[in-house]
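Asker: These are the residues of each chain, in order.
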Amino acid sequence: MSAKEYDVIIVGGGVTGAATVRDCALRGLSTLLIERGDICDGASGRNHGLLHSGARYAVTDREGAEECIRENRILRRIASNCVEQTEGLFISLPEDGLDYQANFIKKCREAGIDAEAIDPAEALRMEPAINPRIIGAVKVPDASVDPFRLVDAHILDAQRHGADILKFTAVTELVKEGDRVVGVKTSKGDVIRAREVVLAAGIWTAGLAQAAGVKIGMMPSKGALIIYGHRVANMVINRCRKPANADILVPGDVVSVLGTTSDKVPVETCDDMHATPEEVDLLMREGEQLVPSLAHTRIIRAYAGVRPLVVADPAGDGRNVSRGIVLLDHETRDGVPGLITITGGKLTTARLMAEMATDLICKKLGSSARCETAVRALPGSEGRKPRFKDPFNMRAAIGRHGTEVAQMDFEKGGEIICECESVTRAEIEYAVKQFGVRNISDLRRHTRIGMGTCQGSFCIRKVAAVLADILSVSAEELVREYMQERWKGMTPVLWGDTLREAEYMQKTNRDEI
Amino acid sequence: MRFDVIIIGGGWAGCTAAEPLVEAGKKVCIVSEGLSLSAVKYESPYARLATLQKQGAVVLRGDRAISGKIEDGKVVEIRTRNMDEPLVADEYVLATGKFFSRGLLSDKEHIWEPVFGADVVYDPDRTKWFDPDFEAPQPFMKFGVKTDAEGRVLVGGKAIVNLTAVGDICNE
Numbered sequence: 000m001s002a003k004e005y006d007v008i009i010v011g012g013g014v015t016g017a018a019t020v021r022d023c024a025l026r027g028l029s030t031l032l033i034e035r036g037d038i039c040d041g042a043s044g045r046n047h048g049l050l051h052s053g054a055r056y057a058v059t060d061r062e063g064a065e066e067c068i069r070e071n072r073i074l075r076r077i078a079s080n081c082v083e084q085t086e087g088l089f090i091s092l093p094e095d096g097l098d099y100q101a102n103f104i105k106k107c108r109e110a111g112i113d114a115e116a117i118d119p120a121e122a123l124r125m126e127p128a129i130n131p132r133i134i135g136a137v138k139v140p141d142a143s144v145d146p147f148r149l150v151d152a153h154i155l156d157a158q159r160h161g162a163d164i165l166k167f168t169a170v171t172e173l174v175k176e177g178d179r180v181v182g183v184k185t186s187k188g189d190v191i192r193a194r195e196v197v198l199a200a201g202i203w204t205a206g207l208a209q210a211a212g213v214k215i216g217m218m219p220s221k222g223a224l225i226i227y228g229h230r231v232a233n234m235v236i237n238r239c240r241k242p243a244n245a246d247i248l249v250p251g252d253v254v255s256v257l258g259t260t261s262d263k264v265p266v267e268t269c270d271d272m273h274a275t276p277e278e279v280d281l282l283m284r285e286g287e288q289l290v291p292s293l294a295h296t297r298i299i300r301a302y303a304g305v306r307p308l309v310v311a312d313p314a315g316d317g318r319n320v321s322r323g324i325v326l327l328d329h330e331t332r333d334g335v336p337g338l339i340t341i342t343g344g345k346l347t348t349a350r351l352m353a354e355m356a357t358d359l360i361c362k363k364l365g366s367s368a369r370c371e372t373a374v375r376a377l378p379g380s381e382g383r384k385p386r387f388k389d390p391f392n393m394r395a396a397i398g399r400h401g402t403e404v405a406q407m408d409f410e411k412g413g414e415i416i417c418e419c420e421s422v423t424r425a426e427i428e429y430a431v432k433q434f435g436v437r438n439i440s441d442l443r444r445h446t447r448i449g450m451g452t453c454q455g456s457f458c459i460r461k462v463a464a465v466l467a468d469i470l471s472v473s474a475e476e477l478v479r480e481y482m483q484e485r486w487k488g489m490t491p492v493l494w495g496d497t498l499r500e501a502e503y504m505q506k507t508n509r510d511e512i
Numbered sequence: 000m001r002f003d004v005i006i007i008g009g010g011w012a013g014c015t016a017a018e019p020l021v022e023a024g025k026k027v028c029i030v031s032e033g034l035s036l037s038a039v040k041y042e043s044p045y046a047r048l049a050t051l052q053k054q055g056a057v058v059l060r061g062d063r064a065i066s067g068k069i070e071d072g073k074v075v076e077i078r079t080r081n082m083d084e085p086l087v088a089d090e091y092v093l094a095t096g097k098f099f100s101r102g103l104l105s106d107k108e109h110i111w112e113p114v115f116g117a118d119v120v121y122d123p124d125r126t127k128w129f130d131p132d133f134e135a136p137q138p139f140m141k142f143g144v145k146t147d148a149e150g151r152v153l154v155g156g157k158a159i160v161n162l163t164a165v166g167d168i169c170n171e
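So the sequences go chain by chain: F and V.
Read left to right, the first sequence gives residues 0 to 512 (numbering that gives the first Met the number 0).
Read left to right, the second sequence gives residues 0 to 171 (numbering that gives the first Met the number 0).
Chain V with its partners taken away, still in its complex shape (with noise of 0.2 Å):
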């Protein structure tokens, strides 16, 4: 399946990336795997996905990307847990949060992003993490992926010219 846009990631920063896109007539695809935590603090994404379907966008819920294909510095297809077929769009936008919605997985030693393998800041010594006291600011909380002046996301260093990223997965 072809589109013009492919967000991956149904929560807040998903739907506010999606909404002028679908505004504006484009064809676009939201990955929504359903583990947004803004459904507190914001109006809950659920309803915003449901607008925009309406409006015409594709929203796969209850799915997941598990990889992405790169070719010379650009995303060409990514794949889905639900999805016969790999998913294709000019630009793609990576909004899928942090450790909570497994925007970025962890074990012992190691952060990294799973579909696309990006660059993430973080502290390889996980006694670095976090801050002994549970009301301080908690670095785990900073990690994310990198990306450059233009929000494109870099992998193995280098920035990929269609894949942004926006909201919580970001490293500030």
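Extracted from the complex, chain F is given alone in its bound form (with noise of 0.2 Å):
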């Protein structure tokens, strides 16, 4: 048993735990999050990366567009390292009628949402890529967030104000003491104990309050995601419409990411999701009349996430969905002192949600700490951004970690590893030092490594041998852990110069050319 104890344990390293930790940590209490993998290895990885103006929620879910729209403005301020101010159109195709857009309009700005409509012609100019049958436009302030790039810097603030992260260990079970929980145990072994656990485990939350005895009516909904290796628009391409199928394009860095699919799929699948070869074609039928180049682009991969929709009664039959923030205080619905579930909820509002679970924390351990979560600016965005005269193999980093390019050693470790990112080595030895990175997908996350045009295609070999070095371990196995990733991804997609790739690196990683 640790001798420590936490005042707050927070389980899950996703976007939602991540903000927890750091409001936590800001307001002084002693805190620890515990992750079974790395951080985003759930939803939080596997999602669009848009940062929601809340218009998408205007028309059928008043308060989740409001919370929407004012997250939206303070992660501008505070994560400005993260977010590309890319803005949004929604457009309207001869199908949707335009009743519908007058009406999205208005509930927009009942909202707070500046939606302007805009000229087709005008929005053809903007967009040259966008459906040419358009028949209406409307601007709305959504943007483009890195979630890997966001997590991170949430867990960097928390370390730096105090808090444990503990990765790569799972919690197997909630340690009660009567009615009260205490502590956790983790897959090591150990028992930690805390005056409060927070579960932010997004769809794995379910499981851990069942073995304590909290029963919470969970439904995963998959969503299958496709990357485009180009950026094939600026700005976030929406369909004006009711909220549907692969009707939303987001631009992020050099890539364009369409989705999404919504599909109940059975708890046991969530460990491991991928994208079917059917949603694949759902998605590029549909995203084709958003973009139609988009049918001659290339494809990068697809790939699925869960969202942690909650059942409001467990006993019903799953119609009563919340798709808004969902924070439980256990020892009042359940008896069970301890213990709080923060889930639901979306990537945008992570860290109201974080403010409303510390705020109960807080009331129940009787602290008087105020949330200074939306006003304090999160490590890399405090104004630092690329300029001409950096040395070129620092600008990417620069983009990537802001101000956190003060803790890379680029005169020992200059030298540029994965050319379509600019990753060098100063930045891969700095993710191994601040994230505990394991492994070459481990590396991406926080380095964006293989994530360029060549997928690691060209540069994996020099990766893995760069990595092996810093962790002494074996580059093959580095390699081989990569391409099993890389491969899932790309069967979904395999065809055209998926395939080609393909064959490629079947022969080089067989050494059969």
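It is worth saying that the hints were derived from the structure and are not from the lab.
Worth double-checking, as some hints may not be accurate.
[As the list claims (entries may be wrong)] Some chain F residues judged to face chain V by a derived CB distance under 7 Å, without partners named: (1) P276; (2) R437; (3) M482; (4) L493; (5) W494; (6) Y503.
On a predicted model such as this, the values are computed, not experimentally measured, just so you know.
Backbone N, C-alpha and C define an ideal beta-carbon position, used for all residues, glycine too.
Put the two chains together into one complex; each comes in its own frame, and the hints tell you how they fit.
Answerer: In structure tokens form, the structure reads like this:
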């Protein structure tokens, strides 16, 4: 048994857990975050990377829309280094009609979202790739956000304010004394005590809670997405109609992400999510309505994540499902003190979710500390942007990590290892030191290595050699792990140029050429 | 332009087919787009192409066969992207490799051979093109054009008498 008792243990290293550990640390609580894998292993790393303006929810969910626009404005300030201020368009095709648009603009404005109807010709001038058949367009303050960078920044800030982060360690059960949850037992056999335990494990929350005798009705909703190897539009492109499949295209760095689907799936499948060929067909069919050139744009990979939807009435039939923020005080709800659940919500509203959870924690622990997360900039977002006079090999790192580049040693490690994304040895060393990287898949999340045009095809052995050197592990093993992960994303889209790339990968990997 | 043999594809398979023909004094043309994947395991095909050229072969570098005309079960000419005139020969060799070198093209539902429309062996269900284990043998690596016992390419089920296929483009 660990001697230390924390004020708070947070289970789950997605964006919700990361935002909550930051908030707790800033309020002076001694806090531990436990994540079974690497950060963003679940839904936080498998989404659009869309910073919602709230417009998508304006017609159906006024409260959600208002939360989104408020948080959208906050994240532009505190996470400027993670957010690209692209703005967004909601386009209407002839089959959509313009009736929805009129109501949409009205509802956006009621929720405080700047929605401005623009002439279709003007929309086509702004974004020449969109479907030329459009009959209407509305400009809204959507933006693109890098979820990996956002979560890393939260984790760094939490650590710098005294929080502990324990990755690659699963919580196997919640430890109870009487009715009260007093800590967690980990996969390493330790029991770690805390005054409050917060479940922020997305869809995996229900299983943990159930083991402690608390029932949370959750419904996993699978969303599949496709990454295209080009930035076909500079703004977020949405369809101006009742939200449906594959009607959002989000630019992110040099790629575009199309999504998503929404299908109820069994909980058992959530650990191994991948897009199916049928989902790919559906996404492509709909996506081509937004931007016709997607029909012949190279697809980099297809993937899928799980939304942690909460069923308000656990005994019900699942129709009464909330997409909003769900904060559960299990002391009042279930008579289990010491346990709180924060789930539901969206990437865009994670900071607000953390604020709500931490307010409740503070109330229970008798702390009057106020939330400061809305006004304090995150690490890397203190204003440093790449400049032309910066050395070439540093510019991409500045773009990714902002002021954090001060922690990287470009004198010694300035050589570029991943050319598509200009990742240097110095940045790899920084990621290993700051984020406990174990393999190339982890390294991708923290540096974008292998996320560019070649997807690691050309640089992967160089990357493996450098990482093997730093970690003192086998380079062959690192390559093998990466290739399998890459393969999982390629197989649902294995035709055309992707099939060409597959032959190259197969042959180089088997030394058959 | 007229040749004894036109070889489409200047990679390992195309060079291997060309060498004895050139040595035997045949008038050979090699169309080489330069997308060969053979450079790592074997010697570079570019050095072999240079030698073949010195020995008298015509090498169309950076060019690509775009269509072949078949009459009465025989290839009568091919056209390339860069040449204005059709190229004519007695014999034709298809050595364009698989997917990377664009010997085979594919979309979501089909795989086809783009120069002659040769018959291609493949599974119509694309979920069967791959094994989810990256290191397992991959079905798509066996897809290729159909040939008869003498290596003659089949188009619409009929062997083309003066068209043979060699190397990776062949179905295994």
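Asker: Now tell me if each hint is right for this structure.
Answerer: Consistency of the hints with the structure:
For the restraint placing P276 of chain F at the interface with chain V, the shortest Cβ-Cβ distance is roughly 5 Å, inside the 7 Å limit, so the hint holds. Given the 7 Å rule on beta carbons, the hint for R437 of chain F is violated: about 19 Å separates it from the nearest Cβ of chain V. Against a cut-off of 7 Å between C-beta atoms, the interface hint on M482 of chain F holds, since the closest Cβ of chain V lies about 5 Å away. Annotation: interface hint on L493 of chain F holds; nearest CB of chain V at approximately 5 Å, less than 7 Å.
Of the supplied interface hints, the one on W494 of chain F holds, with its beta-carbon coming within about 5 Å of a beta-carbon of chain V, less than 7 Å. For the restraint placing Y503 of chain F at the interface with chain V, the shortest Cβ-Cβ distance is roughly 5 Å, inside the 7 Å limit, so the hint holds.
In the structure shown, a violation is registered for the earlier hint numbered 2 alone.
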